[in-house]
Amino acid sequence: MSEFGAWHILTLGHYLPMGSPLHRLDPRVRLLSVLVLGGALMVRGQLAVLFLGLLLVLLLLALARVPLGHALRGVRALVPLLGVVLLLQLLFYPHRRALVAGSPALWQAGRFVVSAAGVVALVALCLRMVALVLLLTLLTSIADATDLVHAVEGLLRPLQGIGFPAHELALVFVIALRFLPLLAREMERLMKAQAARGADFGHGRGYIVQRVRRTFPLLVPLFVLALRRAEELAVAMEARGYAGGKGRSYLVRLRMRHADWLALAAAVALAVLLLWLDLGSLEQALFRSLG
Amino acid sequence: MKPLIEVHSLHYTYLRGTPLETVALRGVDLVVYPGEVVGLVGPTGSGKSTLLQHLNGLLRPQAGRVVVDGMDLGDSRTDLRAVRRKVGLLFQSPEDQLFERYVADDVAYGPLQYGLPPEEVRARVRRAMLAVGLPPEAYADRPTFALSGGERRRVALAGVLALDPQVLVLDEPLAGLDPAGRRLLASLLEEWCAQEGRAIVWASHSMDEVARSADRMYLLAEGRVIREGTPREIFGDAELLLEHGLDVPAVTWVLRELARAGLPVRTDVLTLEEACDVLEGVLR
Chain A
1 MSEFGAWHIL TLGHYLPMGS PLHRLDPRVR LLSVLVLGGA LMVRGQLAVL
51 FLGLLLVLLL LALARVPLGH ALRGVRALVP LLGVVLLLQL LFYPHRRALV
101 AGSPALWQAG RFVVSAAGVV ALVALCLRMV ALVLLLTLLT SIADATDLVH
151 AVEGLLRPLQ GIGFPAHELA LVFVIALRFL PLLAREMERL MKAQAARGAD
201 FGHGRGYIVQ RVRRTFPLLV PLFVLALRRA EELAVAMEAR GYAGGKGRSY
251 LVRLRMRHAD WLALAAAVAL AVLLLWLDLG SLEQALFRSL G
Chain B
1 MKPLIEVHSL HYTYLRGTPL ETVALRGVDL VVYPGEVVGL VGPTGSGKST
51 LLQHLNGLLR PQAGRVVVDG MDLGDSRTDL RAVRRKVGLL FQSPEDQLFE
101 RYVADDVAYG PLQYGLPPEE VRARVRRAML AVGLPPEAYA DRPTFALSGG
151 ERRRVALAGV LALDPQVLVL DEPLAGLDPA GRRLLASLLE EWCAQEGRAI
201 VWASHSMDEV ARSADRMYLL AEGRVIREGT PREIFGDAEL LLEHGLDVPA
251 VTWVLRELAR AGLPVRTDVL TLEEACDVLE GVLR
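Listed in order, the protein sequences are those of chains A and B.
Residue 1 is where the first sequence starts when you use my numbering, and the numbers rise one by one after that.
Residue 1 is where the second sequence starts when you use my numbering, and the numbers rise one by one after that.
Everything labelled a hint here was simulated from the structure, so no lab data went into it.
A portion of the hints provided could be inaccurate.
[What the hints assert, rightly or not] To give an idea of the chain B side of the interface with chain A (calculated C-beta under 10 angstroms), a few residues:
1) G57
2) G88
3) P94
4) G159
5) C193
6) V248
[Unchecked claim] Under the rule of at most 30 angstroms between Cα atoms (straight-line distance), these lysine-lysine pairs were calculated in the DSSO-like manner:
7) A:K192 to B:K86
8) A:K192 to B:K2
9) B:K86 to B:K2
[Said to hold, decoys possible] Beyond 12 angstroms from chain B on every Cβ pair, some chain A residues (computed):
10) M18
11) Q108
12) L222
Everything numeric in this text was worked out from a predicted model, so none of it was measured.
Virtual Cβ for every residue (Gly too), placed ideally from N, Cα, C.
Working from the sequences, and respecting the hints, build out all of it.
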């Protein structure tokens, strides 16, 4: 697209108003469901289970009417990181121990062995990262910043009784979320403005000091703008009578409908299924066929 | 005369291929000749800024052609830094982009990036600061953050002028300045253009601002050029301007109403002095 389009490429974080059934759920349900499913994916390491999890996430994306190409763009940004992780994993996986445990060796060169178990763990890791990124894309596609802050605040409100600053925390969260795209846009504008004066960002030449120096024309104005914005925001909020969370009423009252309970139950059930499912025998069969 | 910048049926879509795509330019043609002031007028969202960013290669054309002094910006082998040296672009509210502690250092940033020798850089900084009415003796060592908004904007302008561009591209250069600041900056720009014989592309949503100094104007709306001509030709067509949510200078408005009321007056008038002459002629 363009050498400056940093924030265009990031689909992670774009809200898509598609009006799907998932968009209409209670925001707390949307957030909680994603957290529960994500948690389950994070805990499990079995290849087959993670594959099922990935399918589930893709199904949810389809249900939310998020175009697949759009969702995958977020994954594409992850590819370099994934590559590094894969390489490290391949090098430092305890292949020898896996061999002792009965995994066949796929490739051997001198002291260096690659075990089937190692490769399977690697693929599983990839699946997990892709599934998690897609799940996050799903969340930001079906819930905008306001939804998320309602969700966080609604979920934390019961804790307010024991002195937990739920409202303040939610506010910090929403301001950070709201500012992120603004700062990204500001950054893009600054990059273009400095490039128009001859700055050269694309090429990483020079020693570390020079490289850091090259970011000054961006970082200095960006900080100044961010601080000014924060100050303006604080003044604007006080001018409109904001004085903290105490005694504040809400325009949007969250109320759980039947569909919300149903969706939450389904999400929890699926997460439990992902947690309990044991497809280890499939993995063993895979080893045997490889060996 | 050979044009400095040629734009042929330029198209551009933001976030192309995503559910959020928005079309900014739908086939724009534009030429800029050496030494002329080209006004680019259009309401917010008409594609002005997108078009400007194509002129120095900050955006690459998705469809259509942009040629700057013989260099085709659609060609991936074109050296964009060379293009940016020919076409100096000043963004909207450029005072935000200053980052050096002292004024002269910030003005010197561009020339230093192009690796010019120190003597040359010093001379250019001096000239640029004089051109924007900030004498180096008084301003070179001032901290940038202690200047007023208008002064900061002129420092940013000096930063671009120090590149000695063939074409100066300005995006809403007077927006947000007070009347005195607007008059000062406008006259400084006109002076620079006349003295150095360089071209200016001046984008604004205010007809008044551009009409005064432009030789030719383009009227932009919804990503298309809907009218091209001298300011006089375009002001003659007040209906078209109003239809696209643009303002008409007060004097034009008055004369237009008089003409509607049946008085034999011209309506293609640009300045107050002209309007006075016309009215005197009628009253006699």
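Evaluation of the provided hints:
no. : hint            : verdict
1   : G57             : holds, 9 angstroms
2   : G88             : holds, 7 angstroms
3   : P94             : holds, 7 angstroms
4   : G159            : holds, 6 angstroms
5   : C193            : violated, 19 angstroms
6   : V248            : violated, 31 angstroms
7   : A:K192 to B:K86 : holds, 16 angstroms
8   : A:K192 to B:K2  : holds, 28 angstroms
9   : B:K86 to B:K2   : holds, 15 angstroms
10  : M18             : violated, 8 angstroms
11  : Q108            : holds, 44 angstroms
12  : L222            : violated, 9 angstroms
Hints 5, 6, 10, 12 from the list above are not met by this structure, while the remaining hints are.
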